[in-house]
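Novice: Spelled out, the chains give:
Protein chains: 2
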Amino acid sequence: MKDIAPIEWKNFTLKILDQTLLPEKISYITCKNYKEVIKAIKDMKLRGAPLIGIVAAFAMIMEIKNKNFKNYDSLYKELKKISDELIKTRPTAVNLKWAINRILKNVEKNKERRISSIKELLISEANKIYKEDLENNKLIGKYGADLIRDKDRILTHCNAGALATAGYGTALGIIRAAVEQKKNITVYVDETRPYLQGARLTAFELVQIKIPHFLITDNMAGYFMRKGEIDIVIVGADRITANGDVANKIGTYTLAVLAHTNNIPFYVAAPSSTIDLNIKSGDDIPIEFRDEDEVKKIAGKNITTNKTKALYPAFDVTPSKYISAIITEKGIIRAPYDVNLENIFAKKEEMIIL
Amino acid sequence: MKDIAPIEWKNFTLKILDQTLLPEKISYITCKNYKEVIKAIKDMKLRGAPLIGIVAAFAMIMEIKNKNFKNYDSLYKELKKISDELIKTRPTAVNLKWAINRILKNVEKNKERRISSIKELLISEANKIYKEDLENNKLIGKYGADLIRDKDRILTHCNAGALATAGYGTALGIIRAAVEQKKNITVYVDETRPYLQGARLTAFELVQIKIPHFLITDNMAGYFMRKGEIDIVIVGADRITANGDVANKIGTYTLAVLAHTNNIPFYVAAPSSTIDLNIKSGDDIPIEFRDEDEVKKIAGKNITTNKTKALYPAFDVTPSKYISAIITEKGIIRAPYDVNLENIFAKKEEMIIL
Numbered sequence: 001m002k003d004i005a006p007i008e009w010k011n012f013t014l015k016i017l018d019q020t021l022l023p024e025k026i027s028y029i030t031c032k033n034y035k036e037v038i039k040a041i042k043d044m045k046l047r048g049a050p051l052i053g054i055v056a057a058f059a060m061i062m063e064i065k066n067k068n069f070k071n072y073d074s075l076y077k078e079l080k081k082i083s084d085e086l087i088k089t090r091p092t093a094v095n096l097k098w099a100i101n102r103i104l105k106n107v108e109k110n111k112e113r114r115i116s117s118i119k120e121l122l123i124s125e126a127n128k129i130y131k132e133d134l135e136n137n138k139l140i141g142k143y144g145a146d147l148i149r150d151k152d153r154i155l156t157h158c159n160a161g162a163l164a165t166a167g168y169g170t171a172l173g174i175i176r177a178a179v180e181q182k183k184n185i186t187v188y189v190d191e192t193r194p195y196l197q198g199a200r201l202t203a204f205e206l207v208q209i210k211i212p213h214f215l216i217t218d219n220m221a222g223y224f225m226r227k228g229e230i231d232i233v234i235v236g237a238d239r240i241t242a243n244g245d246v247a248n249k250i251g252t253y254t255l256a257v258l259a260h261t262n263n264i265p266f267y268v269a270a271p272s273s274t275i276d277l278n279i280k281s282g283d284d285i286p287i288e289f290r291d292e293d294e295v296k297k298i299a300g301k302n303i304t305t306n307k308t309k310a311l312y313p314a315f316d317v318t319p320s321k322y323i324s325a326i327i328t329e330k331g332i333i334r335a336p337y338d339v340n341l342e343n344i345f346a347k348k349e350e351m352i353i354l
Numbered sequence: 001m002k003d004i005a006p007i008e009w010k011n012f013t014l015k016i017l018d019q020t021l022l023p024e025k026i027s028y029i030t031c032k033n034y035k036e037v038i039k040a041i042k043d044m045k046l047r048g049a050p051l052i053g054i055v056a057a058f059a060m061i062m063e064i065k066n067k068n069f070k071n072y073d074s075l076y077k078e079l080k081k082i083s084d085e086l087i088k089t090r091p092t093a094v095n096l097k098w099a100i101n102r103i104l105k106n107v108e109k110n111k112e113r114r115i116s117s118i119k120e121l122l123i124s125e126a127n128k129i130y131k132e133d134l135e136n137n138k139l140i141g142k143y144g145a146d147l148i149r150d151k152d153r154i155l156t157h158c159n160a161g162a163l164a165t166a167g168y169g170t171a172l173g174i175i176r177a178a179v180e181q182k183k184n185i186t187v188y189v190d191e192t193r194p195y196l197q198g199a200r201l202t203a204f205e206l207v208q209i210k211i212p213h214f215l216i217t218d219n220m221a222g223y224f225m226r227k228g229e230i231d232i233v234i235v236g237a238d239r240i241t242a243n244g245d246v247a248n249k250i251g252t253y254t255l256a257v258l259a260h261t262n263n264i265p266f267y268v269a270a271p272s273s274t275i276d277l278n279i280k281s282g283d284d285i286p287i288e289f290r291d292e293d294e295v296k297k298i299a300g301k302n303i304t305t306n307k308t309k310a311l312y313p314a315f316d317v318t319p320s321k322y323i324s325a326i327i328t329e330k331g332i333i334r335a336p337y338d339v340n341l342e343n344i345f346a347k348k349e350e351m352i353i354l
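Protein sequences appear in the order of chains P and E. Numbering follows the numbering used here, with no gaps: position 348 of the first sequence is 348. Numbering follows the numbering used here, with no gaps: position 287 of the second sequence is 287.
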């Protein structure tokens, strides 16, 4: 079976697979302007740090395509306004800022050109961001697969697959690549409460690409690790700081501590656009808190009392000491992270400047 | 508000609060024979290690009350048959075996008496098991509350409250007792997938007894521990082995590792009927695996693909090295557990012989 595409970009219209309906229903929503894209991100119709970055770039393009701008300043002002709104949608993942930054830098660099020419360059840049993400994931898969042995049982959390990216996936991309190398892999899929990305999205992808897997609740991961049934843990990332700390879906920190306690390698797979050298350590990453109703309800049904309050930090931070390696499209990075993360950027301008 | 009673025992009929319907609906089912009790246990209408023990004792009484037995042997044979069936319902918790054992021992001890007299003694013994559990919980609360300071934020998992026992609760009994001492306590309630005992039962109890609390998903506990927002973890237990290892609801091991990593005291609260000195270490405790559908469905709705298989170990084992203390009705027990657990039994016959 072939992958379902998480987005389709055609004629300046963005079709977004509604991930809230998976795995029951494959249905796309159509976004024709950036406001619709913002709503889709906020409502979690799509998610995944790299995918949100791609979509943000397209949102910017949509908005300027058919508008007339008197001069460079009015174009830049408009792009900056949209950027500020887009950035507010999800504070934790940095790929969103990275993609917006790439578009804005491209505008600045071409300040002297005609508006129509700048527009063309931006359209090309957004398409490049999209295309590069897929290529990067294949490289992540190639590097990461070397760390995987035949018959490995791999635990993953949330969804770091094709549905979180332009395609192929990061953590799931590595698993895919290992399977393409004819390794027999079994995946243990954390259901990933409250949004159930594991149960709904990762399991769905694994069924499509026919990789054997078991669904477990998040609190079972420790049981299987202690039993010796997990050989490797691989997760994605929403932001990696200069010291190698990793923000990722809530529950990741717990898996890292459990893996460390049970001497299981713990890998993070992410494109280098996830690395934010402007932030020194994970404690400085803003953690998004979402509506308590997303915890108190499952499939529209209340699971607790009306008088009970819930808390919903959507991400947590894993200290770098628990991370065996970070797998990027530029290769595998190991400790000391403060040195090795910076080294992978050949040129300063590749880094995110916020 | 007053507690809702998890069972009512009257005229040899057992009314069981259907915990699968909480917190939405307070509804009792009526059991008039042991087969109905077995079904209720299997269907998780009631749960909680101490409560299952109490109910098993009543189930045995129900069955012999109105039957005529020619002699001691036929009575004993009948009781043994019921015992064997009851024991099979839930393999992990030992209180079930402990209660059955108490009834069987009482029969053996009174072998020479008339059948009617033995029946009377057994009825009295079952009632004693019920009454003692409540008294024990109050003692657990009294001892445990000394470990709690004003303003403590306490994390608990699953439901070790009034609904898991004859009343008052073990882990929740300690929290209750601390609040009765006018300490300000905030409880962090793990929702406890897949059965959601935390969201459905513990939150329900805390609302009833007006103790401030926050519901979180299981994978958030690590986040709040690392943030310094949890002062103490208290959980119940399904079986405690001679070396101090603890079997409890799936997810408990993970909390213990996280508490250890974050220097947070991790307490286990349980009556001494949970202590099984016949088993040396936790690795020898049988772990119940339940139907995968209980993971794949929430509130009757599928959360994953039809082609995905799930695993459901219902309990895990926490090694004693992670346990700061075990709080029983006989006092607080600390390491070395192998010596101190045995010491609390004044008389050999108090221990479980299976």
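Hints are computed from structural coordinates only; laboratory data are not their basis. Every residue, glycine too, gets a C-beta built ideally from N, C-alpha and C. Be careful, since some hints might not be right.
Unchecked claim - Just a few of them, taken from the derived set where beta-carbon distance is under 8 Å, the chain E residues facing chain P:
(1) Ile-26
(2) Arg-193
(3) Arg-200
(4) Phe-204
(5) His-213
(6) Gly-222
(7) Tyr-223
(8) Arg-226
(9) Gly-228
(10) Leu-258
(11) Pro-286
(12) Arg-290
(13) Ile-298
(14) Lys-307
(15) Leu-311
(16) Asp-316
Claimed, not checked - Simulated crosslink set (BS3-like; lysine-lysine; CA at most 30 Å straight-line):
(17) Lys-15(P) x Lys-307(E)
(18) Lys-151(P) x Lys-309(E)
(19) Lys-309(P) x Lys-182(E)
(20) Lys-39(P) x Lys-210(E)
(21) Lys-307(E) x Lys-182(P)
(22) Lys-227(E) x Lys-42(P)
(23) Lys-210(E) x Lys-309(P)
(24) Lys-45(P) x Lys-307(E)
(25) Lys-297(E) x Lys-45(P)
(26) Lys-297(P) x Lys-138(E)
(27) Lys-307(E) x Lys-307(P)
(28) Lys-210(E) x Lys-301(P)
(29) Lys-42(E) x Lys-297(P)
(30) Lys-309(P) x Lys-138(E)
(31) Lys-15(P) x Lys-227(E)
(32) Lys-39(E) x Lys-77(E)
(33) Lys-210(E) x Lys-297(P)
(34) Lys-301(P) x Lys-301(E)
(35) Lys-280(P) x Lys-307(E)
(36) Lys-309(E) x Lys-183(P)
(37) Lys-138(E) x Lys-138(P)
(38) Lys-280(E) x Lys-227(P)
(39) Lys-301(P) x Lys-182(E)
Novice: Now, for every hint given, state plainly whether the structure supports it.
Specialist: Evaluation of the provided hints:
| no. | hint | verdict |
| --- | --- | --- |
| 1 | Ile-26 | violated (12 Å) |
| 2 | Arg-193 | holds (4 Å) |
| 3 | Arg-200 | holds (6 Å) |
| 4 | Phe-204 | holds (6 Å) |
| 5 | His-213 | holds (7 Å) |
| 6 | Gly-222 | holds (4 Å) |
| 7 | Tyr-223 | holds (4 Å) |
| 8 | Arg-226 | holds (6 Å) |
| 9 | Gly-228 | violated (12 Å) |
| 10 | Leu-258 | holds (6 Å) |
| 11 | Pro-286 | violated (14 Å) |
| 12 | Arg-290 | violated (11 Å) |
| 13 | Ile-298 | holds (5 Å) |
| 14 | Lys-307 | holds (5 Å) |
| 15 | Leu-311 | holds (5 Å) |
| 16 | Asp-316 | holds (4 Å) |
| 17 | Lys-15(P) x Lys-307(E) | holds (27 Å) |
| 18 | Lys-151(P) x Lys-309(E) | holds (18 Å) |
| 19 | Lys-309(P) x Lys-182(E) | holds (22 Å) |
| 20 | Lys-39(P) x Lys-210(E) | violated (38 Å) |
| 21 | Lys-307(E) x Lys-182(P) | holds (22 Å) |
| 22 | Lys-227(E) x Lys-42(P) | holds (26 Å) |
| 23 | Lys-210(E) x Lys-309(P) | holds (13 Å) |
| 24 | Lys-45(P) x Lys-307(E) | holds (23 Å) |
| 25 | Lys-297(E) x Lys-45(P) | holds (22 Å) |
| 26 | Lys-297(P) x Lys-138(E) | violated (34 Å) |
| 27 | Lys-307(E) x Lys-307(P) | violated (37 Å) |
| 28 | Lys-210(E) x Lys-301(P) | holds (24 Å) |
| 29 | Lys-42(E) x Lys-297(P) | holds (26 Å) |
| 30 | Lys-309(P) x Lys-138(E) | holds (28 Å) |
| 31 | Lys-15(P) x Lys-227(E) | violated (39 Å) |
| 32 | Lys-39(E) x Lys-77(E) | holds (22 Å) |
| 33 | Lys-210(E) x Lys-297(P) | holds (22 Å) |
| 34 | Lys-301(P) x Lys-301(E) | holds (10 Å) |
| 35 | Lys-280(P) x Lys-307(E) | violated (43 Å) |
| 36 | Lys-309(E) x Lys-183(P) | holds (21 Å) |
| 37 | Lys-138(E) x Lys-138(P) | violated (60 Å) |
| 38 | Lys-280(E) x Lys-227(P) | holds (18 Å) |
| 39 | Lys-301(P) x Lys-182(E) | violated (36 Å) |
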